[in-house]
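Undergrad: Chains as they are written, first to last, in numbering that gives the first Met the number 0: chain A, 0 to 201; chain B, 0 to 201; chain C, 0 to 242.
Calculated from the structure, these hints are not laboratory results.
None of the values given here were measured: they were computed from a predicted structure.
Take the hints with a grain of salt, since some may be wrong.
[Unchecked claim] Per the computed footprint, the stretches of chain C lying under chain B, defined by three or more beta-carbons under 8 Å from a beta-carbon of chain B, are: (1) 111-120; (2) 134-143; (3) 150-156.
For each residue, glycine too, the CB sits at the ideal point set by N, CA and C.
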Amino acid sequence: MTESTEPQKLGNLEALLFIDGEALTFKKIATVIGVKKDELSALLMRLDEMLRDDSRGLQLMTDGPLPQLFDEKWEARKVQLVTKPKHAGILEAFVKSELTEELTPASLEALSLVAYFGPISRSHLEYLRGVNSVFTLRNLLLRGLVERFPDPKNANAYLYQPSFELLRHLGVKSKEELPDYQKFQQLLVSFEQAPQTEPAQQ
Amino acid sequence: MTESTEPQKLGNLEALLFIDGEALTFKKIATVIGVKKDELSALLMRLDEMLRDDSRGLQLMTDGPLPQLFDEKWEARKVQLVTKPKHAGILEAFVKSELTEELTPASLEALSLVAYFGPISRSHLEYLRGVNSVFTLRNLLLRGLVERFPDPKNANAYLYQPSFELLRHLGVKSKEELPDYQKFQQLLVSFEQAPQTEPAQQ
Amino acid sequence: MAYEITIQKFSGPLEALLDLIESKKLQVSEISLAEVTDDFLKYIAKRELIDFATLADFISVASKLILIKSKSLLPDMTLSGEEEAEIKDLERRLKLYQELKQAGRLIQDRWKSGEHSFARPYFMHMTDVAAIFYPGTTLSLSAVELSANKIFEAFEKLAMETETIKGKVISLEEKISEVIARMKQVGESSFKNLSGEKSISERIVLFLAILHLAREQLISLEQTANFSDIIIKHQKPPTPANS
Numbered sequence: 000m001t002e003s004t005e006p007q008k009l010g011n012l013e014a015l016l017f018i019d020g021e022a023l024t025f026k027k028i029a030t031v032i033g034v035k036k037d038e039l040s041a042l043l044m045r046l047d048e049m050l051r052d053d054s055r056g057l058q059l060m061t062d063g064p065l066p067q068l069f070d071e072k073w074e075a076r077k078v079q080l081v082t083k084p085k086h087a088g089i090l091e092a093f094v095k096s097e098l099t100e101e102l103t104p105a106s107l108e109a110l111s112l113v114a115y116f117g118p119i120s121r122s123h124l125e126y127l128r129g130v131n132s133v134f135t136l137r138n139l140l141l142r143g144l145v146e147r148f149p150d151p152k153n154a155n156a157y158l159y160q161p162s163f164e165l166l167r168h169l170g171v172k173s174k175e176e177l178p179d180y181q182k183f184q185q186l187l188v189s190f191e192q193a194p195q196t197e198p199a200q201q
Numbered sequence: 000m001t002e003s004t005e006p007q008k009l010g011n012l013e014a015l016l017f018i019d020g021e022a023l024t025f026k027k028i029a030t031v032i033g034v035k036k037d038e039l040s041a042l043l044m045r046l047d048e049m050l051r052d053d054s055r056g057l058q059l060m061t062d063g064p065l066p067q068l069f070d071e072k073w074e075a076r077k078v079q080l081v082t083k084p085k086h087a088g089i090l091e092a093f094v095k096s097e098l099t100e101e102l103t104p105a106s107l108e109a110l111s112l113v114a115y116f117g118p119i120s121r122s123h124l125e126y127l128r129g130v131n132s133v134f135t136l137r138n139l140l141l142r143g144l145v146e147r148f149p150d151p152k153n154a155n156a157y158l159y160q161p162s163f164e165l166l167r168h169l170g171v172k173s174k175e176e177l178p179d180y181q182k183f184q185q186l187l188v189s190f191e192q193a194p195q196t197e198p199a200q201q
Numbered sequence: 000m001a002y003e004i005t006i007q008k009f010s011g012p013l014e015a016l017l018d019l020i021e022s023k024k025l026q027v028s029e030i031s032l033a034e035v036t037d038d039f040l041k042y043i044a045k046r047e048l049i050d051f052a053t054l055a056d057f058i059s060v061a062s063k064l065i066l067i068k069s070k071s072l073l074p075d076m077t078l079s080g081e082e083e084a085e086i087k088d089l090e091r092r093l094k095l096y097q098e099l100k101q102a103g104r105l106i107q108d109r110w111k112s113g114e115h116s117f118a119r120p121y122f123m124h125m126t127d128v129a130a131i132f133y134p135g136t137t138l139s140l141s142a143v144e145l146s147a148n149k150i151f152e153a154f155e156k157l158a159m160e161t162e163t164i165k166g167k168v169i170s171l172e173e174k175i176s177e178v179i180a181r182m183k184q185v186g187e188s189s190f191k192n193l194s195g196e197k198s199i200s201e202r203i204v205l206f207l208a209i210l211h212l213a214r215e216q217l218i219s220l221e222q223t224a225n226f227s228d229i230i231i232k233h234q235k236p237p238t239p240a241n242s
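Turn these sequences into a full structure, and let the hints steer you where they fit.
TA: Here it is in structure tokens:
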């Protein structure tokens, strides 16, 4: 195969994200369109920039701010092409949102903590909520609002994070765009750095 | 509603075509975006022009050359957003990469449940796994490891069962020949009859 | 298979506690915690509002509140360093919880805002792909069997969670009864020192709430621990709380 030029690869990237529809890992994209880490990073940044134009109806949803995603864990990061929230009004009639059910107080509470502080372990979540969360988390997993992955530091436990489906429903490009995101991060950090000792809760 | 500017309407148009998999009639699009024939014509021409750039992977598929479509039959004309033919290789590479990857532990888990307890509905499977299983099941379908058929008891749902090829690959004549088949059947029954802890909680 | 979803008033004990404090327009502090203890216990006593899985956590908070309350009613009662730390921790966590509740409100607003993004259905072209069979190299009969075994291990783990919760409820009951026994000891010697009708009536309310709580637990857990008997025998409460 001849070396593709950059525009051709940008086209490939757009076509791939369009075909799959779901979130794709960076590794998968790199393999399918045949680029390495640095080139993928450049392509994604360029695509993101092009999409910022007002005449474009789409945006990239990612695991975090794009420039920060190309660290040692880059291969597992995900990206998805989705419509911009400002177009939701005209699209509502076409796509029925599956997430019309109201959230119970327990779901809402667990969901917001996972959204703001994910990836978060169940025990940490339970400490913050002050209540056992096995079944609430199970329910959120079943509804596809949160996802889990094995905790690299604790073989028998999982870490929970907001799913792309949740972020789409909330209309943000990544969890860092949630309102007052930084404020809540700092709040938690200062709480946990306080001299008090956490008794082994739960 | 305030008059949208042209860029906003172009964005609307792109988002709408992106979301819908089928070809849409001009009439439908005009209604949804809230424009008349002339404006729709201008928007589609503009979008078509933007898509011609080499960096774009998509194109408009129409019944004929765009400028000729706005005659007296314009309302019934259709348009669809598709990938450019030059990116066809991407679809192929994507399917290939999906298939050549080894089964993940999650896929294997879902596959085992379908093998031992199929025909099984997606919701039952998700209940047992405790996680949303839409994509896992689709990957298994794509690989030809499981097959589905409409659930006679539930109009909009499918039941999943191990494919004939899977059983042959595993070297068994029927699922009843799977190791410890009876044991697992009984375990499932006793698990599901156990007094559930979840009820009221959520 | 569907989950039964009941709308509960509170997501957990911290929210219930905070609600009680805020409804009295108080700040979170040891004093306000002592003040809402009776109401909190009454809330637990109405067991139908709390599901089993979260009961243990409600009781855990209740046991700390009882300590706080006892301390405020009985100045002679000394708490261990660990107990003091538990009280401080509850107060601190409640303050954090109060702040974090904001996050829930923000998510709720966005959830309802209608500003959603939409994605294309997964792999819309899938129907174009011809039927194939691609098992990969790792799929074997033993891999399937191993995976099935793992699933059932996970089921057992889930069942154990329930047992753990049950065990926790029971041990907390014991802890509460210990606290009450201590309070009774201290109380007998210091009752005469307590002045004013109000303090005494407050103690009675507290006691009744505990009795009620204990009785409810015995019923639902089918526990034969004779916790309530002991109390009755010694305290002779004036109501048929132990019917």
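Undergrad: Among all the numbered hints in the text so far, which are the ones the structure does not match?
TA: Structure breaks no hint.
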